Amino acid sequence: AQSVTQLGSHVSVSEGALVLLRCNYSSSVPPYLFWYVQYPNQGLQLLLKYTTGATLVKGINGFEAEFKKSETSFHLTKPSAHMSDAAEYFCAVSDRRNFGNEKLTFGTGTRLTIIP
Amino acid sequence: DSGVTQTPKHLITATGQRVTLRCSPRSGDLSVYWYQQSLDQGLQFLIQYYNGEERAKGNILERFSAQQFPDLHSELNLSSLELGDSALYFCASSPRGTSGIDTQYFGPGTRLTVL
Chain A
6 AQSVTQLGSH VSVSEGALVL LRCNYSSSVP PYLFWYVQYP NQGLQLLLKY TTGATLVKGI
66 NGFEAEFKKS ETSFHLTKPS AHMSDAAEYF CAVSDRRNFG NEKLTFGTGT RLTIIP
Chain B
33 DSGVTQTPKH LITATGQRVT LRCSPRSGDL SVYWYQQSLD QGLQFLIQYY NGEERAKGNI
93 LERFSAQQFP DLHSELNLSS LELGDSALYF CASSPRGTSG IDTQYFGPGT RLTVL
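Chains as they are written, first to last, in this note's numbering: chain A, 6 to 121; chain B, 33 to 147.
I should point out that these hints are in silico values taken from the structure, not numbers from a laboratory. These numbers come from a predicted model, not from an experiment. Errors might be hidden in some of the hints.
[What the hints assert, rightly or not] Derived DSSO-like pairs (lysine-lysine); straight-line CA-CA distance at most 30 Å:
#	chain 1	residue 1	chain 2	residue 2
1	A	Lys54	B	Lys89
2	A	Lys74	A	Lys63
3	B	Lys41	A	Lys54
4	A	Lys74	A	Lys54
5	A	Lys73	A	Lys54
6	B	Lys41	B	Lys89
7	A	Lys73	A	Lys63
8	A	Lys74	B	Lys89
Based on the sequences and whatever the hints tell you, model everything.
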């Protein structure tokens, strides 16, 4: 079974600083990889995803993530944090072998706080 | 706005009761997923329907059931409710259910409180 580990349930960074949210997966076959963001009292919004091809994926709001097969990682970064980035971030995986029923398995989430 | 709608937004009920949560997918999306978000279990996949047929099942309790109707809206039925069923229930939709190609778009959720 696939699993996702997000290191750090809470991360605080200063406004303008680098944001780094960590995600590692466990799967015998590299899965599809996703980052979702959840703002307070809202649903989840897709930031970016990796399915195939270029391992550095650019998403919305200036975020990007790099798939590293050797490290089984898909860390999320943003060069300069903005106050509006404060939210909860979820890494998720989907088994690419389950064509047509590719449910998402989520990590436990990382709450990002931006310090003014 | 993702285009996925869920009703009601909030639901407060008592233990032992039964409730129905409704989801309308984005126009044209055939696949509907249900997820549960709780403090102790995190975000968990419950069940997926594709064009009216059940396609995948996750950690869904026997007290819970779902269906997808011909107009593609879906309902999640929760019965014999327990305190531990209090959670945020999300619906998501995608065109075909192929995550490698399609994005899952999430609704705003229904917050269920069982007293």
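Going through the hints against the structure:
no.	hint	in the structure
1	Lys54/A with Lys89/B	23 Å, holds
2	Lys74/A with Lys63/A	18 Å, holds
3	Lys41/B with Lys54/A	28 Å, holds
4	Lys74/A with Lys54/A	15 Å, holds
5	Lys73/A with Lys54/A	13 Å, holds
6	Lys41/B with Lys89/B	24 Å, holds
7	Lys73/A with Lys63/A	15 Å, holds
8	Lys74/A with Lys89/B	28 Å, holds
Going down the numbered hints, you'll see the structure goes against none, and every one checks out.
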